[in-house]
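S.K.: For reference, the chains in residue letters:
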Amino acid sequence: MQGYRYLLAALGLASSLICSTVFAAAPQLAAPQQTMPQEAVAQQTVAPEDDVETQLPAGEQRALLEGERWFNLMQKALTEFNFNASLVHVQDQRIEMFRWLHGHNSENEELELLHSLNGPEIHIIRRGQTVSYFHSMSSPFSVRANNMFGPIPTAFFREFENISKAYDAVPMGGARIMDRTTVHVRLLPKDQDRYGYSLWLDRETGMLLRMLTLSQEGEPLEQVQLTALEITNEPNPELAQILDLNLPPVVEDIHRGVSVQHEWQTNYLPRGFTLVRGNHHRLPITGIAADYFLYSDGLTRISLYVSEDPEAAVNLRHSGLESLYSHSYADYSVTVVGRLPMATLQRIATSVRR
Amino acid sequence: MTEHQKEQLSALLDGHFDGDEAVHELVENASQRERWFRYQLTGAVIRGEAISGQPFDISASVAAQIAAEPKHAAAPKSAWQNVQQWLQRGWFRPAANVAVAAGVAIVTVVGIQNYQPVADGVAIPDAGTGAAVNQGFETRPLGGVINPVSFNMTNTAVVDQQEADNERRLLQSFFFDHQQQLQLNEQELSEERIGEQASSEQEQRNNSTQPDTQEQGID
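Taken in order, these protein sequences are the chains called W and X. Quick note: the first sequence uses UniProt numbering, first residue 1, plus one each step. Quick note: the second sequence uses UniProt numbering, first residue 1, plus one each step.
Hints were generated in silico from the structure; no laboratory data involved. Treat each hint with caution, since some may be false.
Beyond 10 Å from chain W on every Cβ pair, some chain X residues (computed) [what the hints assert, rightly or not]:
no.: 1; residue: Asp160
no.: 2; residue: Gln161
no.: 3; residue: Gln162
no.: 4; residue: Asp165
Per the computed footprint, the stretches of chain W lying under chain X, defined by three or more beta-carbons under 8 Å from a beta-carbon of chain X, are [claimed, not checked]:
no.: 5; segment: 141-153
no.: 6; segment: 294-304
The beta-carbon is built from N, C-alpha and C at its ideal position, and this holds for glycine as well.
Working from the sequences, and respecting the hints, build out all of it.
M.R.: This is how it looks when you write it as structure tokens:
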């Protein structure tokens, strides 16, 4: 991480040169009246930060702003373009392939389709704020959401400011992906206690062409790579068929409004994580009753369960892209699940007190 | 058991049979049978037969599906039927198309759980229908959003088997719930956003007397 600072300083000049030309070449995406205020806001928020990063060299600041700008270009591309794409998702020994269509209907409502091409047939269909999940082996259901819950993190469909407390976006040069010239943007966690991301964005359109989730050591944990991409003026006619579909009923959030039973104290949370959901419910399969807390840093979300059920009183560990750590005390046990390194999960889990 | 036999067993579970003879051979082989039993047990655990709120008996539909397949329907006395009969004697049920590869399985397929919030006197907010609709929904493996729990069945530490199964069941329970809560959180977020949009539109309307420099200047 020390190295990255130096690299940034060196990049400062280079990127300011590169970026100024690059951005001049992509004017249609960066509507000036929108990006200018964003940059202004970003400068304001960077300045009053209370930690060491306050005094960033000008080159670094500039790089961070360019990174943020690229992230927001990607977000616009993912939510505004009409595109037909296919992608592969690789995790451990698994490789999955999807066809992915995105567009808008005449009311400017987003339409989206993600269709698995390997293994069991999965269709995710999105019509505006209704996302329906069809699986060949289970009953379909709908969720009211702004994004599909698929291989690409939902945070990528929202603006950078949602993750700016915990991550920096840093342009790191480029690479050729899908025969296109791309900008490599790294999402570097401000603290080294969580995973980072590498994004390769099409220089011309800002579209996400490749993504890596990286461990603290820089090892890839999962990869997404587009294998075909066609950006069109008109949405794919297939998407129009979504409008005629009878979508399954929206899942009712029965947990919401059932408040937690105890005031647990979580004495440690990594920077940027805030409580976004809390309730008391029974887990599926085991029926374990638990107080439940969902924390998010804008990109990574973790679940924290505190249960007094003796069945949950097992010290479990599971590491993977999504890990689990549980710790038992005399009369309660704490389980933390999510995409964080084991050490971070452990630190959170062992900080919970009655 | 040879690697070849393991492969065959895996193929059998995946629904790809080499032929009746192979199936027969598998059933006759005692150690094979034990392995089959354990795979099936895993399937049963994965399906979470314990507290499933709604009936989730897939065996009938499985049997119907099997019967409908010309390959099996054409050979009523086939070894496949022997397998079926043998299975039905056990307390477990066959899992349909549950792909359990010999070495590593992706244990993400879980039955629909009609899970309730704990009955603690707290009334569940109702959408006005009067009926306490309580839809369980299944999150499915997709693009790595569900964590694959790998396990290795080749290690025959039978004593620890029950413990291992129990741990796996717990892991599944937590991972499965985590996925569901993430999706429900998306739902919460989107509802909040609708609320925000409504209030910001309200604000815009209130401020409409001020000169409008935004993109949509035309009313």
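S.K.: Which constraints among the numbered hints does this structure fail? Numbers only, ascending.
M.R.: none
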